[in-house]
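Going down the list, the sequences are from chains A and B.
Just so we're aligned, residue 1 is where the first sequence starts under our numbering, counting upward by one.
Just so we're aligned, residue 1001 is where the second sequence starts under our numbering, counting upward by one.
Hints are computed from structural coordinates only; laboratory data are not their basis.
Hints are all accurate, no fakes.
Which stretches of chain A does chain B cover? Using the computed rule of at least three CB atoms under 8 Å from a CB of chain B, they are: (1) 97 to 111; (2) 168 to 174; (3) 187 to 200; (4) 207 to 221; (5) 423 to 433.
Glycine included, C-beta positions come from ideal geometry on N, C-alpha and C.
Number of protein chains: 2
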Amino acid sequence: MVRTLVGELASAVDATVTVKGWVNTLRLQSTMQFVVVRDHTGTVQVTHRRGGDGDRLDEILRGLTPESAVEVTGKVVANPVVKLGGLEIVPERVEVVSAAEPGLPITAETGPEQRLNWRFLDLRRPERRLVFEVQTTVEQAMREVAAEEGCIELHTPKLMGTASESGAEVFEVGYFERTAYLAQSPQFYKQMAIAAGIDRVFEIGPVFRAEPSFTSRHATEFTGVDVELAWIDSVEDVMSFEERMLHRVLERVAERHGEQIERHWGTRVVVPELPFPRLTMAEATAKLRAAGWDREGVREDLDPEGERLLSALVAEETGHEFVFLTRFPASVRPFYHLRAADDPTVTDSFDLLWKGVEITTGAQREHRHERLVAQAREKGMDASPEGPLGRYLDCFRYGMPPHGGLGLGLGRVLMLALGLPSIRDAVFLFRGPNRLEP
Amino acid sequence: MVRTLVGELASAVDATVTVKGWVNTLRLQSTMQFVVVRDHTGTVQVTHRRGGDGDRLDEILRGLTPESAVEVTGKVVANPVVKLGGLEIVPERVEVVSAAEPGLPITAETGPEQRLNWRFLDLRRPERRLVFEVQTTVEQAMREVAAEEGCIELHTPKLMGTASESGAEVFEVGYFERTAYLAQSPQFYKQMAIAAGIDRVFEIGPVFRAEPSFTSRHATEFTGVDVELAWIDSVEDVMSFEERMLHRVLERVAERHGEQIERHWGTRVVVPELPFPRLTMAEATAKLRAAGWDREGVREDLDPEGERLLSALVAEETGHEFVFLTRFPASVRPFYHLRAADDPTVTDSFDLLWKGVEITTGAQREHRHERLVAQAREKGMDASPEGPLGRYLDCFRYGMPPHGGLGLGLGRVLMLALGLPSIRDAVFLFRGPNRLEP
Chain A
1 MVRTLVGELA SAVDATVTVK GWVNTLRLQS TMQFVVVRDH TGTVQVTHRR
51 GGDGDRLDEI LRGLTPESAV EVTGKVVANP VVKLGGLEIV PERVEVVSAA
101 EPGLPITAET GPEQRLNWRF LDLRRPERRL VFEVQTTVEQ AMREVAAEEG
151 CIELHTPKLM GTASESGAEV FEVGYFERTA YLAQSPQFYK QMAIAAGIDR
201 VFEIGPVFRA EPSFTSRHAT EFTGVDVELA WIDSVEDVMS FEERMLHRVL
251 ERVAERHGEQ IERHWGTRVV VPELPFPRLT MAEATAKLRA AGWDREGVRE
301 DLDPEGERLL SALVAEETGH EFVFLTRFPA SVRPFYHLRA ADDPTVTDSF
351 DLLWKGVEIT TGAQREHRHE RLVAQAREKG MDASPEGPLG RYLDCFRYGM
401 PPHGGLGLGL GRVLMLALGL PSIRDAVFLF RGPNRLEP
Chain B
1001 MVRTLVGELA SAVDATVTVK GWVNTLRLQS TMQFVVVRDH TGTVQVTHRR
1051 GGDGDRLDEI LRGLTPESAV EVTGKVVANP VVKLGGLEIV PERVEVVSAA
1101 EPGLPITAET GPEQRLNWRF LDLRRPERRL VFEVQTTVEQ AMREVAAEEG
1151 CIELHTPKLM GTASESGAEV FEVGYFERTA YLAQSPQFYK QMAIAAGIDR
1201 VFEIGPVFRA EPSFTSRHAT EFTGVDVELA WIDSVEDVMS FEERMLHRVL
1251 ERVAERHGEQ IERHWGTRVV VPELPFPRLT MAEATAKLRA AGWDREGVRE
1301 DLDPEGERLL SALVAEETGH EFVFLTRFPA SVRPFYHLRA ADDPTVTDSF
1351 DLLWKGVEIT TGAQREHRHE RLVAQAREKG MDASPEGPLG RYLDCFRYGM
1401 PPHGGLGLGL GRVLMLALGL PSIRDAVFLF RGPNRLEP
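Isolated chain A (complex conformation) (with noise of 0.2 Å):
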């Protein structure tokens, strides 16, 4: 049977269609009976008048349960009283296709667990399915400017021999007679490819953290989007290139799914104005504590009420919704960020916040062995060929130019597009220290 979406319907009426769907509600009175269907492209109403005994019809849709799959074949009408579209379908055959147990173990009252547990039911509903609309047309928006900038689009390697990042925040994993570990992220692998002659890499992938951490933007699985440019001449190059790929992002996103956001979520997709602002952690610190931020004087970074705030601060002054932070202590980064040629307590890195939230680390890298290899020793770290971190330095001993690049959480984006209240709703299945499942 050809099917027929929902959405396509206004420009059938007076045509008999079969539409594909899901029992979203159920009125069925003495006289009429009602059945709104939904597709992934909208609800209907479908209407049946009640006939005498042998209505088969009527046998069927007193039988339905709510959420059942169900095709339905009947004559489009137009009919300005129906609140949907002003359309409606009378039907002449409706088939169960799958039914729905009656009783669902969900409704939109249910708390936020239990949600989790019976995902697939609550993404049935359209807002929710939404995000992963909007999540289509962002990696779409991302990769069209990665291949006009002359990215390579790469898979890097999830399972690594050694845990070389960080050894405490990563997951192991039984490999035959050995131990493997989850990447934290591409960045190792990534800068290889830059050392391979790969001019510009682009990679969005799932990224491991082992971190017990219980926040509204922490999950120990998510999706990286990773860029890594070599040949720049400065951490610039990769801001600049990060703007261009939100720029293009929230404009689509605008275009495509504004009025949708704003209707279901109350967000309104602000397209912003390029160049994003940009403070050292200088000025940022002294702006914050201006306003009351870390009161003791001592803290180094940021953390999120100081993001927060600082976010508050930029809108309030300029209408911005985004803004790098740049030039952070080396001793809040890790070893392979460049320091400044002006400073070398500082490096040419930033972070991202937009909406109060950090979406993104970045950095120009060192690309000199021998500095870099001061560096890790600087932070205690096992510099020896043989060590952790040997595979990764060999990278810089044959001819690697300089370079740098970018971590987005995709998550972190979704939710502050929509304005989700949590990262678990912006993911397909959310992974947490305590949730594995479903």
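Chain B: place on chain A using the hints.
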């Protein structure tokens, strides 16, 4: 310094430019000094006529080592004698950005394992980097078709709470106080997305197989391309989706990289005609047995030899590189494949062979809860609500539409498209039972 790519030099004759790349070859003679510099777009000859004492450039050039990263500024000169595009650069300035240690650890003659150890150096050879340029094109074309056909791009979890599909070949992960498992495919999750009302699902992501296989086609981690389509009429809808996708892929690959693939790898990219040939397994085994395969007559499924022979026979008869095999016996397929309406001993499933290698398994899925449970039990599986399949089976209790999908190995597609000797050459960093590095 504004960078000019080597591939753009033809339009910069007589201009002074800066190229950034690696020392490909060095030939330093008493009068003339030649350095071939390579970037990701090509190679160019840098030609210096030695001056007398105090020739600063001579000093720098004599200090160069192969594979050092350099920036060369100079005038682009047309010189028909020069093999590399009839161009050379007469240098004014050569800067060694990052010197390579003398004595590279691999050469063109080095064996495959040692080349994998130094993968980043091996990948600097243009024919090896080409693989990832083709990969980028392949994914672009796949996503283009996925978008046209209304797919949502999804990221399913790689960490699972239960090892549902097949316990034997799954990696175990220490997960806080319990054990997680690495997903061997997004199979159950993409079906969960269908149950969630996501109409069509597309995912490119890593899959993990704890198989101790050492063939040229197997890896413990590889990139899978997964599609799942709701409300299909039959498995034919899945096959025709895949045909359209692969047709677009090979059209784009031929267009953008066909000439280079033929030059570097001697493989001609053939854009396949639609539809691809289809054979039922009964037809295929009859054809194979007539050609001398499986003389004992005991096999229900094809072995690699059978796959190669069948592709050869089909190519001979039809000139086609692809063949769909359909109606596999239920005994050799997973429990969730739909049984054929006219013969419950066979499934509405398929494999796709390309040039003698299986690149896809697909099927319509059983969407009826009762039958699915019965089929799981028939295979000796625990189909109880508390068992490892519980969460999966739940998805079929509240209205699951008819659906089907496919899984495609990206590395195999690349291996066959370019004619690479092994899957090891088709992935950025290979992972096998004995290889977790680099």
